[in-house]
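Those protein sequences? They're chains A and B, same order as listed. If you count the first sequence from 1, position 292 lands on 285 in my numbering, and the numbers rise without skipping. If you count the second sequence from 1, position 152 lands on 145 in my numbering, and the numbers rise without skipping.
Check each hint, because a few of them may be wrong.
[Said to hold, decoys possible] The calculated DSBU-like cross-link candidates involving lysine-lysine, where the alpha carbons are at most 30 angstroms apart (straight line), are:
#1 B/Lys15 x A/Lys255
#2 A/Lys173 x B/Lys332
#3 B/Lys255 x A/Lys338
#4 A/Lys331 x B/Lys173
#5 B/Lys255 x A/Lys15
#6 A/Lys289 x B/Lys47
#7 B/Lys50 x A/Lys289
#8 A/Lys255 x B/Lys332
#9 B/Lys50 x A/Lys50
#10 A/Lys289 x B/Lys319
#11 B/Lys106 x A/Lys70
#12 A/Lys313 x B/Lys47
#13 B/Lys331 x A/Lys173
#14 A/Lys331 x B/Lys50
#15 A/Lys80 x A/Lys441
#16 B/Lys14 x A/Lys50
#17 A/Lys106 x B/Lys80
#18 A/Lys332 x B/Lys126
#19 B/Lys326 x B/Lys338
#20 A/Lys14 x B/Lys50
#21 A/Lys50 x B/Lys289
#22 B/Lys15 x A/Lys50
#23 B/Lys321 x A/Lys319
#24 B/Lys50 x A/Lys15
Think of the hints as simulated: they come from the structure by calculation, not from any bench. Just so it is clear, the structure is predicted and the values come from calculations on it, not from any experiment.
Number of protein chains: 2
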Amino acid sequence: MSKEITSRSEDYSQWYNDIVKKAQLADHSAVRGCMVIKPYGFGIWENIRDQLDKMFKETGHVNAYFPLLIPKSFLSKEAEHVEGFAKECAVVTHHRLMNAPDGNGVVVDPKAKLEEELIIRPTSETIIWNTYKDWINSYRDLPLLINQWANVMRWEMRTRLFLRTAEFLWQEGHTAHATKQEAVDESRMILDLYATFAEEYMAMPVIKGIKTANERFAGAEDTYTIEALMQDGKALQAGTSHFLGQNFAKAFNVTFLNEHQKSEFVWATSWGVSTRLMGGLIMTHSDDQGFVVPPKLASLQVVIVPIPKPNDEIDEVVTKIMADLKAKGITVKYDTDKKNRPGFKFAEYEMLGIPVRLAIGKRDLEKGVIEVARRDTKEKTSQALDGIADYVEQLLEDIQNNLFQKALNYRNEHTTSVDTFDEFKEILDSKGGFILAHWDGTTETEVKIKELTKATIRCIPIDSVPEDGACILTGKPSKQRVLFARSY
Amino acid sequence: MSKEITSRSEDYSQWYNDIVKKAQLADHSAVRGCMVIKPYGFGIWENIRDQLDKMFKETGHVNAYFPLLIPKSFLSKEAEHVEGFAKECAVVTHHRLMNAPDGNGVVVDPKAKLEEELIIRPTSETIIWNTYKDWINSYRDLPLLINQWANVMRWEMRTRLFLRTAEFLWQEGHTAHATKQEAVDESRMILDLYATFAEEYMAMPVIKGIKTANERFAGAEDTYTIEALMQDGKALQAGTSHFLGQNFAKAFNVTFLNEHQKSEFVWATSWGVSTRLMGGLIMTHSDDQGFVVPPKLASLQVVIVPIPKPNDEIDEVVTKIMADLKAKGITVKYDTDKKNRPGFKFAEYEMLGIPVRLAIGKRDLEKGVIEVARRDTKEKTSQALDGIADYVEQLLEDIQNNLFQKALNYRNEHTTSVDTFDEFKEILDSKGGFILAHWDGTTETEVKIKELTKATIRCIPIDSVPEDGACILTGKPSKQRVLFARSY
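Same shape as in the complex, but just chain A (with noise of 0.2 angstroms):
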């Protein structure tokens, strides 16, 4: 299977649909953008989806869900929020079909106009906020600490599965606060969120940082973001999280009551990851024989093939492992299908980045062993069956902390300081990645440093160290590197 994969240094993009298909995880569907998650896919989103929800609850959240349509003109509210979300979405404009008069198929009636558009939801900020005025009174109230797990929709032009979908999952956190010091808190206290998830379970390293003004949320007062380095040296927007002021509460006319019986505009945070998550994913471990997932997130862990097909000897000796494996809390599956070879299955798991595989056949039993297979290196040894249980409990240990480790290293490889512009230039032109560099604090600047590299500030990272510099564009002063990079 894997010859039909493109390599990565051959065309990275054509490699990147290549595993997305090969490995089962999403396809193209009938209507322009949005995509189906196949099974396999969906398991490892499922995942994903478990493990945040977990950290959310952990944290004092609890799940709602808001209406899909919104009304037309809640977009306009809010008034950056219209300039950033208004624009390319889906617009329901009827309700009702109707038999073709000439008896062919159906047509829209036109007596169903609706008298107000309704947008499939981009993102929930308007509806959600015009719901929290019913909610909220009182600073009793507060804070309103809500996700919702969701579908939703921004039209874009050039797709690409799962990085940029028509149609995409996400959950989108929307809390309400009676001080600016809490709602900003929350806005970081879910970046840390994000970063430890990223990092403990997607192994993915990740930058936190601050969105410079022309690349904030539209709405907000200020972005934090969490950026990804993926292995073609280009950066990974992978979640934010906003603190929206009280925009929204203005807007949306929000106010509660404080402990003096004064009355206050609502202070809000929203914040998002969608399973433009599974882009990245694939795009930090995988390689040119398939997809790798890390251990945490594989929703099949090990998978035990039988050399060359099942028998009763080996059956039992895989039974117990089974047992064993499962006792701790680890997927496994035996694979007794007859009609393939195991030279086929080898390819299809590595394929499929089942993260370990073991192989038995008569010699192993003969002698007490049993062959294991990492797909991170593509190590294979001989272990002894005794204890087996233990050595792939460790192994995947082992694995998801490699994982990470290689994802680190290559972007600490790959994230350069740069002093000049030239050497900006080159740098990004030869080796890419992320560059840190001094920059004078304008918008305008940043746009022509983009518009003559298509590089972007990805975010002032929250760790840099004050340091005096110039801008590498316009020499003016700067007082800290902020972190460059072309991305998705």
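Once you have looked at the hints, place chain B on chain A.
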């Protein structure tokens, strides 16, 4: 709080609305017919969803995700399906808004008209079978056992929270099989799964049966249903499972090569339950004091209220109880809020339907006891602190069983066999409920009875005993009684 609830005897419909609102389950939204599911209500839906999802996976199903939007032309491909579903639905005609020329908000950009209109899925058979065409080639690709959790939309004219809303959440299973028998077995297995879930988790007894041709899903060969009886004597269709024959395979040209290399059309099923189950849950168990939720679906099973407020001694005892309960997997909250008095808290938890309430004060402590109140019967007893966790664990089971038994008794008392049309009408108007009566098997008679009485055939019960009789309307011969009721 409970005084704000209309009693069931006074106005059942208003009582229902009051429960939904006062128990913080759901709210109307700014978009006609679309609801907001509030955190407390959504927590219960999450429990419903998680349990069903577990049962689907245990029976070999996997989840996937298909597009929200369906090309208009797809709906016309299955002749009956289009009649049933292509009419009242949300139609997307444009993909862009623009600033209004008069500077006042945004308007639909007339240049962004779609070539073909898209429909927000009212159900997904068409888009899924169009996809299966690419996934199925050989008998080796079968069966496909796929489920999807999704939002769907049907433009209902008269809506009621949970029971009938324009947008609702549901799961839709769509399976593909090599043989007719396998597909029939699947649809029956799912029917049993739904019934088990309804009875064991929702504590809601159901009658399993087959729909008449007239009540069948548009495009199905057979529709199986579970029918529950609400406290006002009306039936609720709680879940359906359809044997679709080869109708969708033919409409979308989905064939497979069988083991003898012969091409055949694929056999199909589809099946679903929705947030409508929340309405069934409410109307099966709740009372004039508020919502009543079976322990197995409660998002909070036990609440502990200190009398009159928390102090060190009480805290110490409660901490131990909470640890013991949590160790048993029981969800528990200690209400340490000092702003509200115990009486207020009691009324609130009664309204929310928390199955067990524990209350403990100084005197209880001295006596080594704690007050235990169960929501279902409103009984209060004093129990020894020693062993209280075991007692509560058993009590939660008792409540679950009692709720089911109570609902079953109600249904048994409200299921009447009648032999004449006069008796039929009399029972319908006096006590309501299910009526078992003979019917001549024609759609004409069925429709006539509906016109005359508003009662419909809920199903032909699967467990019904063959019995010769005469149709209550026409006197023509009948081989078995069918189940009539007025319904939601």
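Original post:
Do the alpha carbons of B/Lys255 and A/Lys15 lie within 30 angstroms of each other, as the hint requires?
Top reply: holds (27 angstroms)
Original post:
Holds or violated: A/Lys332 with B/Lys126, Cα cutoff 30 angstroms?
Top reply: holds (23 angstroms)
Subject >> Pair hint B/Lys15 and A/Lys255, alpha-carbon separation not exceeding 30 angstroms >> reply: Measuring from Cα to Cα gives roughly 27 angstroms; hence the hint holds.
Original post:
Is the straight-line distance between the alpha-carbon of B/Lys321 and that of A/Lys319 30 angstroms or less?
Top reply: holds (22 angstroms)
**OP:** Take a quick look at whether B/Lys50 and A/Lys15 sit within 30 angstroms of each other, Cα to Cα.
**Re:** holds (24 angstroms)
Original post:
Are B/Lys14 and A/Lys50 close enough, with their CA atoms no more than 30 angstroms apart?
Top reply: Distance of about 24 angstroms is within 30 angstroms: holds.
Original post:
Given the hinted pair A/Lys331 and B/Lys173, is their alpha-carbon gap at most 30 angstroms?
Top reply: The hint holds at about 26 angstroms.
**OP:** Please work out if B/Lys50 and A/Lys50 have their alpha carbons no farther apart than 30 angstroms.
**Re:** Given that 30 angstroms is the threshold and the Cα spacing comes to 24 angstroms, the pair holds.
Subject >> Straight-line alpha-carbon gap A/Lys331 to B/Lys50, limit 30 angstroms >> reply: holds (24 angstroms)
Subject >> Agreement of B/Lys15 and A/Lys50 with the hint, judged by alpha carbon distance not exceeding 30 angstroms >> reply: holds (24 angstroms)
Original post:
If you draw a straight line from the CA of B/Lys106 to the CA of A/Lys70, is it 30 angstroms or shorter?
Top reply: Status holds; Cα separation ~25 angstroms.
Original post:
Keeping to a limit of 30 angstroms between CA atoms, is the pair of A/Lys289 and B/Lys319 held or broken?
Top reply: holds (26 angstroms)
The structure agrees with every numbered hint stated previously.
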